[in-house]
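Listed in order, the protein sequences are those of chains A and B.
Per numbering that gives the first Met the number 0, residue 0 is the first one in the first sequence, and the count goes up by one each step.
Per numbering that gives the first Met the number 0, residue 0 is the first one in the second sequence, and the count goes up by one each step.
Honestly, I wouldn't trust all of these hints.
[Claimed, not checked] With a straight-line Cα cutoff of 35 Å, these simulated DSBU-like cross-link-like pairs (lysine-lysine) come out:
id: 1; chain 1: A; residue 1: 8; chain 2: B; residue 2: 51
id: 2; chain 1: B; residue 1: 225; chain 2: B; residue 2: 237
id: 3; chain 1: B; residue 1: 225; chain 2: A; residue 2: 8
id: 4; chain 1: B; residue 1: 150; chain 2: B; residue 2: 225
id: 5; chain 1: B; residue 1: 125; chain 2: B; residue 2: 150
id: 6; chain 1: B; residue 1: 150; chain 2: A; residue 2: 94
id: 7; chain 1: B; residue 1: 95; chain 2: A; residue 2: 8
id: 8; chain 1: B; residue 1: 225; chain 2: B; residue 2: 95
id: 9; chain 1: A; residue 1: 8; chain 2: B; residue 2: 125
id: 10; chain 1: A; residue 1: 8; chain 2: B; residue 2: 150
id: 11; chain 1: B; residue 1: 125; chain 2: B; residue 2: 225
id: 12; chain 1: B; residue 1: 51; chain 2: A; residue 2: 94
id: 13; chain 1: B; residue 1: 237; chain 2: B; residue 2: 125
id: 14; chain 1: A; residue 1: 94; chain 2: B; residue 2: 225
These aren't lab readings, by the way, just hints derived from the structure by calculation.
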Amino acid sequence: MSLDRPVPKAYVRPMRGWWRRNPYFLRYMLREASALFLTGYALTLLFGLWRLSQGPAAFEAWRTALATPLAIGLHGLALVFMLYHSWTWFQVMPKTLPPLPLPAPFVTAAGVVATLLLSLLVWAWLQ
Amino acid sequence: MIPAMSLNAGDRQIEIECLRYDPERDQEPRFESWQVPFSDDMSVLQGLQYIKDHLDGSLSFRWSCRMAICGSCGHMLNGVPQLSCHAFLRDYFPGKLRVEPLQHFPIVRDLVVDQSDFLDKLASVKPYLVPRLEQPLATGAQRQTPQQMAKYYAYSQCINCLLCYAACPQYGLDSGFTGPAALALLHRYNADSRDVGWQARSEVVNAEQGVWGCTLVGYCSEVCPKAVDPAHAINQNKVNSTLDYFGLLGLMTPRGGRS
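Chain B on its own, in the form it takes in the complex:
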């Protein structure tokens, strides 16, 4: 079967330049470019797929859903971290488009980065409810008011695409920094009325490389495709961390519906 895309590819051509790195042959990365025919409705991801299907099958990159929800296809597009499925080739034409792997992560091959550091950090923030009391399932759902849900809803929209890490020079300079997405997810659970996990997560928050590693560059919130606003999540917790240091957290911030 002929892929539908090759039939639709338009008569205009755009130059796409990709970073290439083969760990078995290259000492360091190099760039390779192709002329790719495109139509108005083609995303950058479709451009990369065109290269892989028709021009060079060895180009490696991650992708899955094609509709900005799986968070797999984040790349640096002309130096800006973006989801490749969420950007269109027409917006880069007639200039050329340079595609690089997400900044600040080690390159495994071509456009593929090693995400394991983030996955470890994600685990370290205990990204699950730490409930006040263990309830048997028979007691039914733990109810929340819309106001209680609004406190964490935006932060729960994170898709772990890592654009915010690629946007964070503090993470690039010190990979020990817990970083935007993990700290935003930490706040997502701390801000949940059903959760009592502040103590369990406090070591990560209060650390020099926790919220205090952030210098409020603010670019993480600019590039987030899901409007999670990690910079806001982190900087609110500088206040919480300070209150915690003076033993005032429980007194001054009764959160959610805690009784």
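Same shape as in the complex, but just chain A:
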């Protein structure tokens, strides 16, 4: 219940296409959409695990299916979105933390550096 009297004939603008109005909103929508690509990648890996449980032949068939140009292209796209997802995730991280005595870009940079170091560690371990 409003404290104020309603305004007669006030015009309410439609929200259709709101995310195209400002590049900031477009980047936000891409950030949110990037989660779909991450989900797709995770499901692909899970599917591989399930195929592995069915024996070597099934696992090899899964690997062959992933070696097609289409699958490689989709993985490349997923990689781009994953990088964008990580970057934007660390960008909003300072907003979700209690006030810190550090400037926000430092938190973002620390997150990115930690990700790179961990990725290098995993890569070295796999060699």
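Once you have looked at the hints, place chain B on chain A.
Only chain B this time, still in chain A's reference frame:
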């Protein structure tokens, strides 16, 4: 008396296009543009005043202080929410400048929006101290350390200009969302060592349309002319709201100088 502005208006001209809406005549808004002479020191607000004084007296818009403190003259300037007194015509020249009423609010007339929804939400967050104990005035001021004050100072700088609401698509899509400024002001009081109002305000914070209505677009903090950072205020309170849900808030966050 001739307004000083008309004497200073320079020889350059900029096209200013304003949204017009007359509720008694128009079914929907239209645009109207004027050529406005300007000088380097003229703000967008002064451009609008030039139109009203010299070109079309029927153009309606809100303004008051002319120096970014009253929060009245917020408009969409080329699609970006800004205080009209805080933006300069020279920065839009030689392009044209499109002025629209703040996004996501109903248009009352021309550039004037209906703010009543925000005013109701502001009242709903109890934007005043809920003190631990009622002290008689004779006991003097309730003292605070600089550290205690620093916890809420930035959030107390809000001037209710509504740029953050115009920047928030979540509010535009669901006007039930309590929104950036009201939630930042809610946090301003919750973070104050003299205040014990978390319980009194918890219904607003914890609601689906309270802090959980925010998806961290983050544009509110970008456009805020007073660096209030509403996105930070809201998202810190997602943590507080979660702790409150599990009954851990009092245990884990002893705030301020509570004894």
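Exercise for review: Any hints from earlier that this structure breaks? Give me their numbers in increasing order, please.
Suggested key: Violated hints (numbers, rising): 10 and 12; every other hint is consistent with the structure.
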